[in-house]
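Trainee: Sequence lines, in order, name chains A and B.
Residue numbering for the first sequence follows the numbering used here, starting at 774 and increasing by one per position.
Residue numbering for the second sequence follows the numbering used here, starting at 774 and increasing by one per position.
Because the hints were derived from the structure by calculation, they are not lab data.
Treat the hints with care, as some may be off.
Claimed, not checked - Just a few of them, taken from the derived set where beta-carbon distance is under 10 Å, the chain B residues facing chain A:
(1) H783
(2) G812
(3) L816
(4) R819
(5) A826
(6) T830
(7) L835
(8) C858
(9) D860
What the hints assert, rightly or not - Looking from chain A toward chain B, a few residues come up when the C-beta cut is under 8 Å (computed):
(10) L803
(11) E817
(12) R819
(13) T830
(14) S882
(15) I884
(16) G887
Here the structure is a predicted model, which means the values were calculated and not measured.
C-beta atoms are modelled at their ideal positions from N, C-alpha and C, and glycine is treated no differently.
2 protein chains.
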Amino acid sequence: MNKQYAPGLHLLIDFWGADQPTDLHQVEFLLREAAEACGARVLEVRLHSFGDAGGVTGVAILAESHISLHTWPEHDFIALDIFLCGDRDAAPALKVLKSGLSPKHVNVSEIRRGHDN
Amino acid sequence: MNKQYAPGLHLLIDFWGADQPTDLHQVEFLLREAAEACGARVLEVRLHSFGDAGGVTGVAILAESHISLHTWPEHDFIALDIFLCGDRDAAPALKVLKSGLSPKHVNVSEIRRGHDN
Chain A
774 MNKQYAPGLH LLIDFWGADQ PTDLHQVEFL LREAAEACGA RVLEVRLHSF
824 GDAGGVTGVA ILAESHISLH TWPEHDFIAL DIFLCGDRDA APALKVLKSG
874 LSPKHVNVSE IRRGHDN
Chain B
774 MNKQYAPGLH LLIDFWGADQ PTDLHQVEFL LREAAEACGA RVLEVRLHSF
824 GDAGGVTGVA ILAESHISLH TWPEHDFIAL DIFLCGDRDA APALKVLKSG
874 LSPKHVNVSE IRRGHDN
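Construct the complete structure from the given sequences, taking the supplied hints into account.
Mentor: This is the structure:
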């Protein structure tokens, strides 16, 4: 058991006042673009729509973990995660997501996974 | 924009010294059992194997967000997330995951999503 091994960084990203996507193809393109921006390999993207008023939910499953997206249009809110194992830089993926969704306010929590903190 | 609205609690769970699952059907059963334990509705479970020595990765996409699992058998490590919107209690799901994977050491970080913290 090597508690100090760090598989990678997990960003928990909250967007308020962002564009609320309803087109699943658009969301898939965005998640793939975000993964590509940090050199991650997409195994598949799976998305579900709750209808235009209900938001979308889903995930890009990566060889390096995942990027997830859940929207709450009724609360003007989107929750995104970027979890990348290894030493990949998540910043380019975050930049893509910001550029694609144009949030007015952003909160990011960084959690180092695999540390015993 | 209502920054104080809290869509839900996100648990980031690190397991060390756990059983390392290789059977995707077993993992799917575990994730569905965890979701069921907290009353969440599974939209689908998508899993990928990197071979017995390479671990498994995937997610249960929920109507209430997601439960993800990524294993690193080479580091004796598993990263799990339980993200449940609303006021659902994630504790029963965590209990199921612990019972199913028998970790020797557990670290849990609780992040309230949707708060401006």
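Trainee: If a hint holds in the structure, say so; if it doesn't, say that too.
Mentor: We went through each hint and held it up to the structure:
For H783(B), the interface hint holds, the least distance from its beta-carbon to any beta-carbon of chain A being 6 Å, beneath 10 Å. Taking 10 Å as the C-beta cut-off, the interface hint given for G812(B) is violated, the closest approach to chain A being about 17 Å. Proximity of L816(B) to chain A holds as hinted, the smallest CB-CB distance being about 5 Å (cut-off 10 Å). Because the smallest distance between the Cβ of R819(B) and any Cβ of chain A comes to about 5 Å, under 10 Å, the interface hint for this residue holds.
Given the 10 Å rule on beta carbons, the hint for A826(B) is violated: about 15 Å separates it from the nearest Cβ of chain A. Because the closest C-beta pair between T830(B) and chain A is about 6 Å apart, less than 10 Å, the hint holds. Interface restraint check: L835(B) against chain A, minimum CB-CB distance 8 Å, threshold 10 Å, status holds. Proximity of C858(B) to chain A holds as hinted, the smallest CB-CB distance being about 7 Å (cut-off 10 Å).
Taken as an interface hint, D860(B) does not check out: its beta carbon lies about 14 Å from the nearest beta carbon of chain A, beyond 10 Å. Look at L803(A): its Cβ only gets to about 17 Å from chain B, farther than 8 Å, so that hint breaks. This hint holds: E817(A) has a C-beta 7 Å from the nearest C-beta of chain B, less than the 8 Å allowed. At a threshold of 8 Å, the smallest CB-CB gap from R819(A) to chain B is about 5 Å, leaving the interface hint in force.
Look at T830(A): its Cβ gets to within about 6 Å of chain B, closer than 8 Å, so that hint holds up. Because the smallest distance between the Cβ of S882(A) and any Cβ of chain B comes to about 6 Å, under 8 Å, the interface hint for this residue holds. Annotation: I884(A) was flagged as interfacial toward chain B, and the flag holds, the nearest CB pair being 5 Å apart, inside 8 Å. Residue-level restraint check for G887(A) holds (minimum Cβ-Cβ distance to chain B is 6 Å; threshold 8 Å).
Going down the numbered hints, you'll see the structure goes against 2, 5, 9 and 10, while the others check out.
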